[in-house]
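Q: Listed here are the chains, written in short residue letters.
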Amino acid sequence: MSHEELAHPELVAGVTVDDDSQDLSRSEVILKGALAAGAVYGTFMVGPYVRKALAMSGGGDVDILNFALTLEYLETKFYEEAKTRARAKGELKALVDLIAKDEAEHVEALTATVKQLGGKPVAEPKFEFDYNDTAGFLKLAQTFEDTGVSAYNGAGPQIKSKDVLAAAGSIVQVEARHAAAIRIQNGAEPSPEAFDPPLDEMQVLKAVEPFIA
Amino acid sequence: MKDKLKDPVSRRKFMALSGGSAAAAAFLAACGSDDSSSTMATTTGADGMGGGMADGETAQFGKGDLGIVNYALTLEYLEAAFYADVVKSGLFKGAELKAIEKFGREEAEHVEALTQAAKSLGGKPAAEPKVEFPLEDAQAVVELAATVENLGAAAYLGQAANIKSPEVLASALAIHSVEGRHAAALNGMLGVSITPDGAFAKPADAQTVLKSVEPFIVG
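Protein sequence lines, in the order shown, are assigned to chains A and B. Numbering-wise (the working numbering), the first sequence opens with residue 14 and increments by one. Numbering-wise (the working numbering), the second sequence opens with residue 700 and increments by one.
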């Protein structure tokens, strides 16, 4: 296999995901979009980008909302605990309080929406967070917030209801704001990339699994 | 080409099946939110270039997704030019200058991506507007940057649910959250809340956004 072929496995995967000759428009758009974006960011970014956004199983909006709810449970618990465990002071303490409140509101909203759609809100898992100091807390917080942003971004194109999509959008922007603020506390760039990469459900689960007891 | 873009299994079709308005009600209740945004572009006006009602508030930039992409592109042009001017102004040094340069580079990447997206939709990318910003003192510039970024984030949020192509939506979402990150960082620099709307960010419709940036567009 030539170097050229090896250089673009993600792109090929991205295009073939939707290999349905009946639906020319869709694969055409994916191909064009991937090629165009590939020209800009390099294929490295684009292959997974297109593929992940389309790869999530079509479990419906209730499943997506319940998945988001699980992540919000995790964040809520994490920040609630952090109020006493993270030894945060001053600006960071205020930030922890603010984020804890936002995440709890996300839990409420997602729970209510699952019910409105006729679904059953998923039960809250038991979580365990392993850290001993402020630095350890911040490291985990950054992971959770960045993962949360990517999880919503990955799920977005799978959402069928316009209203659920708009609501998820209003939450993900807040997650992104949290992520930026936490990253600044960590001495990291608030926006590491020009595009927040999407993650699919499996990748998100893998990221949060170690914290589910 | 444009007709083909209308995926038979479109979001709209699903909308009717999935009880969307109930979800909205739940969220609105949870947010304690106020009015929803207007979709009428009365002052900026569709000048006959766009289509009918279906294209809504971004019709002046093109039909459907192309209109949304070109609307976003216009805003990104504005942001990229703003940061480029700020960098040249000499008002910032050190870490602040580095942060501004990075934000500027990211906006420039958004411009490139949206230009490509417009082309991939078979359309003509929006032209770069001529812009001018007041750049007198550092504090005022950071305030303006925060205003622009918060507005940009709200603009993407206002359009997300109108986007039909999953690919365009994925790209818009990837940009939207970065605008949110920028906005939060700048709000933080100013000592104002990183989440000014609370736990749920509010969208802005195109008319509101365009009116807000109008003072900076000189041609």
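Calculated directly from the structure, the hints in this document are not laboratory data. Treat the hints loosely; a few may be bogus.
To be verified - Within a straight-line C-alpha distance of at most 20 Å, the following computed EDC-like cross-link-like pairs (lysine to aspartate or glutamate) qualify:
(1) B:LYS823 x B:GLU808
(2) B:LYS801 x A:GLU93
(3) A:LYS139 x A:GLU104
(4) A:LYS219 x A:ASP143
(5) A:LYS152 x A:GLU93
(6) A:LYS114 x A:GLU104
(7) A:LYS102 x A:ASP146
(8) B:LYS797 x A:GLU118
(9) A:LYS152 x A:GLU121
(10) A:LYS114 x B:ASP896
(11) B:LYS818 x B:GLU831
(12) B:LYS792 x A:GLU202
(13) A:LYS139 x A:GLU206
(14) A:LYS106 x A:GLU121
(15) B:LYS901 x A:ASP76
(16) A:LYS114 x A:GLU93
(17) A:LYS96 x A:ASP146
(18) B:LYS901 x A:GLU121
(19) B:LYS829 x B:GLU811
(20) B:LYS797 x B:GLU808
(21) B:LYS801 x A:GLU104
(22) A:LYS114 x A:GLU137
(23) B:LYS792 x B:GLU842
(24) B:LYS797 x A:GLU93
Q: Hint compliance check: list the failing hint numbers for this structure, sorted ascending.
A: The structure conflicts with hints 2, 3, 8, 9, 11, 13, 14, 15, 21, 24, although it agrees with all the remaining ones.
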